[in-house]
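Assemble the complex: chain A is given as a structure, and chain B must be docked to it using the hints.
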Amino acid sequence: MSEETADFTFELSERELSFDVDEELYALDAIYGAAYLFVDRAYVFLARPAERKVRVRLRSKEATTPEALEALAGEFANELLNSQLRVRIGRSTAALREQYMSRAFFGQQQSSTIAELLAELDAEEMAEEPLEVPVPWAKGSGAEASDG
Amino acid sequence: MAETLHFTRSLYAPEAVQEAARAFGHLATIDVSQGEDDIALVATDIDPEVAHVLLDELANHALVLTVQARG
Chain A
0 MSEETADFTF
10 ELSERELSFD
20 VDEELYALDA
30 IYGAAYLFVD
40 RAYVFLARPA
50 ERKVRVRLRS
60 KEATTPEALE
70 ALAGEFANEL
80 LNSQLRVRIG
90 RSTAALREQY
100 MSRAFFGQQQ
110 SSTIAELLAE
120 LDAEEMAEEP
130 LEVPVPWAKG
140 SGAEASDG
Chain B
0 MAETLHFTRS
10 LYAPEAVQEA
20 ARAFGHLATI
30 DVSQGEDDIA
40 LVATDIDPEV
50 AHVLLDELAN
60 HALVLTVQAR
70 G
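Residue numbers (numbering that gives the first Met the number 0), protein chains in the order written: chain A, 0 to 147; chain B, 0 to 70.
Chain A extracted, bound-state conformation (with noise of 0.2 Å):
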């Protein structure tokens, strides 16, 4: 029986701590996303120590704790987590997202145009109440017949 084992070794030092997050695991976007959600609170710095490998240094803005600084690292690698969700995700709803797109720009015209919608909603508003002054913009309101 295999047994499985979840490494997180990071370094840690006064003010800041590193670990290598392998690329085989995550996506290189997936490590921007998480890094890039954490430079308001510490500096991050990349650096590549091997092949498909990078190094997350993060060094804390203020002065802080070495318990602080874990609980930095556990933070990140909870984000970076969640980035790497978002990347395949987004990667494996890519096509369904063109299709989409390619129909609301191309596909063939809606019969109903959001102008006719507001008229439409305009007269069903004033049939309800009658002496509603009628808008200019409304198609058939009579506005366009009383300024002449």
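All clues given are correct.
Below are the SDA-like pairs computed for lysine to any residue, each with C-alpha atoms no more than 25 Å apart in a straight line:
(1) A/60 - A/35
(2) A/60 - A/13
(3) A/60 - B/45
(4) A/60 - B/47
(5) A/60 - A/32
(6) A/60 - B/4
(7) A/60 - B/39
(8) A/60 - A/38
(9) A/60 - B/53
(10) A/52 - A/22
(11) A/60 - B/44
(12) A/52 - A/10
(13) A/52 - A/21
(14) A/52 - B/67
(15) A/60 - B/22
(16) A/60 - B/67
(17) A/52 - A/11
(18) A/52 - A/83
(19) A/60 - B/51
(20) A/52 - B/60
For the chain A half of the interface with chain B, some residues (derived, Cβ under 8 Å), not all of them:
(21) 28
(22) 34
(23) 35
(24) 53
Note that these hints are calculated values from the structure, not bench results.
Where a beta carbon is used, it is the ideal one built from N, C-alpha and C, also for glycine.
Below, chain B without anything else, positioned relative to chain A:
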């Protein structure tokens, strides 16, 4: 005193590093040189008031620009 930072080209967009160097140019004299694998940034005449954070802030800036450039 000069401070040096090496950005890995496969992780940082060269344009982003250049742009970050320009953005911080009023706080130090910053030279950027492009190598095959990395981009070396050397900062001299650093404003003493920001000397302790200049390269860290610049690195964050370059990272943000790199991420934004990827879309």
